[in-house]
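These protein sequences, in sequence, are chains A and B.
Each residue of the first sequence is one higher than the one before, counting from 564 in our numbering.
Each residue of the second sequence is one higher than the one before, counting from 220 in our numbering.
It is worth saying that the hints were derived from the structure and are not from the lab.
None of these values were measured; they are calculated from a predicted model.
Heads up, a few of these hints could be off.
Said to hold, decoys possible - Some chain B residues near chain A, calculated using beta-carbon distances under 8 Å:
no.	residue
1	Thr233
2	Ser252
3	Glu267
4	Glu271
5	Gly277
6	Ser298
7	Thr299
8	Gly303
9	Leu309
10	Gln322
11	Pro326
Stated by the list, open to error - Here are the in silico distance ranges between beta carbons for each label pair:
no.	chain 1	residue 1	chain 2	residue 2	range
12	B	Leu333	A	Ser573	24 to 32 Å
13	A	Gly579	B	Lys276	23 to 31 Å
14	B	Leu333	A	Arg614	22 to 30 Å
15	A	Ala633	B	Gly303	31 to 39 Å
No residue lacks a Cβ here, since even glycine has one placed at the ideal position from N, Cα and C.
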Amino acid sequence: QQQVKQSPQSLIVQKGGISIINCAYENTAFDYFPWYQQFPGKGPALLIAIRPDVSEKKEGRFTISFNKSAKQFSLHIMDSQPGDSATYFCAATNGANNLFFGTGTRLTVIP
Amino acid sequence: KAGVTQTPRYLIKTRGQQVTLSCSPISGHRSVSWYQQTPGQGLQFLFEYFSETQRNKGNFPGRFSGRQFSNSRSEMNVSTLELGDSALYLCASSERGLSYNEQFFGPGTRLTVL
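Using the sequences and the hints given, assemble the complete structure.
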């Protein structure tokens, strides 16, 4: 049973465009929602994270939008660049140090 | 600071064998978590160790075990290997093991079971 559902599975965006990845969860005990970026041959690296007491968090070109009532959160990548081409994972955790990951989105940014 | 290191990076075993993977966390980090990454199941949590004690465990069979040493280094062991154990095994460390502490991942050990 997938605790965090992620879509789309893959995404192709033109350089300069906006990439949007969506995630949904059911467990209302989740209290921390990080996004990870993974390049081939590397482990995931934390990109940005949010806690449920805020509805949006922005760091540079990356923004998390969080909708607590809908139990959904999304990652927006503004001005997408070819270097952003990677697999992105949303995740959630419930106070313990075990992350429940989404299934991943392979982003390709076309020059 | 040096990042999380995992050894070996690649491993080939045959069914029925056992394997031990090693993880050295970032200096000062006391929590080490292990994850299995496969194309079909994605990233799944195996277990977490904090101060040499297993604190959390995912939904994996008892063939998967681990331990943590006093210097926070961790090992995971898989006994009686099955073809389905072929995966990338990732180790992550964090400072105090709190949910909002950033987890830093190593590059993983690619295990192939033949």
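Do the hints match the structure? See the list:
| no. | hint | result |
| --- | --- | --- |
| 1 | Thr233 | 25 Å, violated |
| 2 | Ser252 | 6 Å, holds |
| 3 | Glu267 | 5 Å, holds |
| 4 | Glu271 | 15 Å, violated |
| 5 | Gly277 | 7 Å, holds |
| 6 | Ser298 | 22 Å, violated |
| 7 | Thr299 | 24 Å, violated |
| 8 | Gly303 | 18 Å, violated |
| 9 | Leu309 | 5 Å, holds |
| 10 | Gln322 | 7 Å, holds |
| 11 | Pro326 | 5 Å, holds |
| 12 | B:Leu333 - A:Ser573: 24 to 32 Å | 30 Å, holds |
| 13 | A:Gly579 - B:Lys276: 23 to 31 Å | 45 Å, violated |
| 14 | B:Leu333 - A:Arg614: 22 to 30 Å | 44 Å, violated |
| 15 | A:Ala633 - B:Gly303: 31 to 39 Å | 35 Å, holds |
In terms of the numbered hints stated before, the structure departs from hints 1, 4, 6, 7, 8, 13, 14, listed from lowest to highest.
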